[in-house]
Amino acid sequence: MAAAAARRGSSLLSRCLLSRPSAAASPAVPSALRRADGTQGLLPGILQRFSTAAVAEEPISPPVQVNYTQLLIDGKFVDSASGKTFPTLDPRTGELIAHVAEGDAEDINRAVHAARKAFDEGPWPKMTAYERSRILLRFADLIEKHNDEIAALETWDNGKPYAQAANIEVPMVARLMRYYAGWADKIHGLVVPADGPHHVQVLHEPIGVAGQIIPWNFPLLMFAWKVGPALACGNTVVLKTAEQTPLSALFASKLLHEAGLPDGVVNVVSGFGPTAGAALASHMDVDKIAFTGSTDTGKVVLELAARSNLKSVTLELGGKSPFIIMDDADVDHAVELAHFALFFNQGQCCCAGSRTFVHERIYDEFVEKAKARALKRVVGDPFKNGVEQGPQIDDEQFNKILRYIKYGVDSGANLVTGGDRLGDKGYYIQPTIFSDVQDNMRIAQEEIFGPVQSILKFNDLNEVIKRANASQYGLAAGVFTNNLNTANTLTRALRVGTVWVNCFDVFDAAIPFGGYKQSGIGREKGIDSLKNYLQVKAVVTPIKNAAWL
Numbered sequence: 001m002a003a004a005a006a007r008r009g010s011s012l013l014s015r016c017l018l019s020r021p022s023a024a025a026s027p028a029v030p031s032a033l034r035r036a037d038g039t040q041g042l043l044p045g046i047l048q049r050f051s052t053a054a055v056a057e058e059p060i061s062p063p064v065q066v067n068y069t070q071l072l073i074d075g076k077f078v079d080s081a082s083g084k085t086f087p088t089l090d091p092r093t094g095e096l097i098a099h100v101a102e103g104d105a106e107d108i109n110r111a112v113h114a115a116r117k118a119f120d121e122g123p124w125p126k127m128t129a130y131e132r133s134r135i136l137l138r139f140a141d142l143i144e145k146h147n148d149e150i151a152a153l154e155t156w157d158n159g160k161p162y163a164q165a166a167n168i169e170v171p172m173v174a175r176l177m178r179y180y181a182g183w184a185d186k187i188h189g190l191v192v193p194a195d196g197p198h199h200v201q202v203l204h205e206p207i208g209v210a211g212q213i214i215p216w217n218f219p220l221l222m223f224a225w226k227v228g229p230a231l232a233c234g235n236t237v238v239l240k241t242a243e244q245t246p247l248s249a250l251f252a253s254k255l256l257h258e259a260g261l262p263d264g265v266v267n268v269v270s271g272f273g274p275t276a277g278a279a280l281a282s283h284m285d286v287d288k289i290a291f292t293g294s295t296d297t298g299k300v301v302l303e304l305a306a307r308s309n310l311k312s313v314t315l316e317l318g319g320k321s322p323f324i325i326m327d328d329a330d331v332d333h334a335v336e337l338a339h340f341a342l343f344f345n346q347g348q349c350c351c352a353g354s355r356t357f358v359h360e361r362i363y364d365e366f367v368e369k370a371k372a373r374a375l376k377r378v379v380g381d382p383f384k385n386g387v388e389q390g391p392q393i394d395d396e397q398f399n400k401i402l403r404y405i406k407y408g409v410d411s412g413a414n415l416v417t418g419g420d421r422l423g424d425k426g427y428y429i430q431p432t433i434f435s436d437v438q439d440n441m442r443i444a445q446e447e448i449f450g451p452v453q454s455i456l457k458f459n460d461l462n463e464v465i466k467r468a469n470a471s472q473y474g475l476a477a478g479v480f481t482n483n484l485n486t487a488n489t490l491t492r493a494l495r496v497g498t499v500w501v502n503c504f505d506v507f508d509a510a511i512p513f514g515g516y517k518q519s520g521i522g523r524e525k526g527i528d529s530l531k532n533y534l535q536v537k538a539v540v541t542p543i544k545n546a547a548w549l
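When we follow the UniProt record's numbering, the leftmost residue of the sequence shown carries the number 1, and every step to the right adds one.
Check each hint, because a few of them may be wrong.
The calculated DSS-like cross-link candidates involving lysine-lysine, where the alpha carbons are at most 27 Å apart (straight line), are [stated by the list, open to error]:
hint	residue 1	residue 2
1	Lys-406	Lys-369
2	Lys-531	Lys-186
3	Lys-425	Lys-400
4	Lys-126	Lys-76
5	Lys-186	Lys-537
6	Lys-254	Lys-84
7	Lys-117	Lys-531
8	Lys-400	Lys-537
9	Lys-117	Lys-254
10	Lys-254	Lys-145
11	Lys-376	Lys-400
12	Lys-254	Lys-76
Treat the hints as calculated values from the structure; they're not laboratory data.
Start from the sequences and build out the full structure, keeping to the hints where you can.
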């Protein structure tokens, strides 16, 4: 099972999702989703493509129960101090999944106190790195054991396709934890020579209590991106989940304790940004804050951290990533890759290739084929086999996307296809494409975070470099070309944290991820992520009668 999951999660996305799903390629259906006769046809009738029929059928009952809705503080599930709860909703219908404890400043105080005590007095930072590693490895095993259950929670709470959650994202969580388990006993300092009779050690120490705020678009993956390196380095954690998607982190945290994590090392508070999030970012006893979300909110987090105790901050923020397709491209392949780069995860990706730059020589052909591909996109219940696109996360995001579509029409962009909601229930939006998009249009400048592809025309390499870089963001970029010199020119000229050449959304555990400009500060994943959770200390001792220096 472990080997199979590792294969499923390797090189996370691009290799697995570039091709449209087929019946043969669909994942195994959980037993709870099978018909009584054992077949895998989840609902009667033919699967519809880009039509209201795809979302009009009765929603599939998720094969999972919600067992954890309280806050996790000091190893125990507890109610919020106020006793308040908030609803988490099914984006397929807008209906209630469960009421979840609503944490606020008092609950953050309780969680920080538990994390501080666990760091200052508990066994975690004093435990051997090897034992910390073994706990993370046991946690990875438990993630694999509960793969389908966790994936179902993620799909139910978030709306992403079950195949994506079960075959890619949850296995990647296990892979990330094994990656950081491997680092735990390889974090070490240096002995450095000095100009004189001194012994100099450089120590790498855990930073202390880490506050972490994760987003709703990849709830469990972001949990792993942040909790993994923090624990490997010996820190304790207070994590605030997104109010839209609190369920999977609570479940995963239960498994962490089942793996042997001491009480108080990881604490999870569900709640809202202005209350729980602000309290965490400004808390005087939190040593570090890590945030993933919008650029505007990231600025608030940075200010709160500075105004309190000047705690260390890492930010992974918004993007408006260019996807540049040169005139030597295989158009069919380029269309498929650009489609994936934008529409994956309902377009709710910070690094989505949301500015599709196409060379003028192939522009018209590309637009027609991109339209045809969008019209074939399978939209519907994310628990249904073969579905590529589920609903948007909630009504706020749903309405925001529809406003941006109106901005595009009003600004004179050509609406090629889509442009409206799909069905009359839930938060489904038609895959939408605009052509003749200009750089000064809002749909070309601002992060939409939805299934809206903007296709821009260019005719010169230097021109497209200048236009691609003319953005407040610098998270990622895609380059599609068969010319090595062109690829080398672009990868060095684009001011972004990641450039994917002839691929997109390759998220290996060892590949660092983060942005330039207003796309963030610091890096997630890989060896660079460990630096976020370590302090560097120099220890200098005189040496008398040294045999050597």
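Violations among the numbered hints: The structure conflicts with hint 8 only, although it agrees with all the remaining ones.
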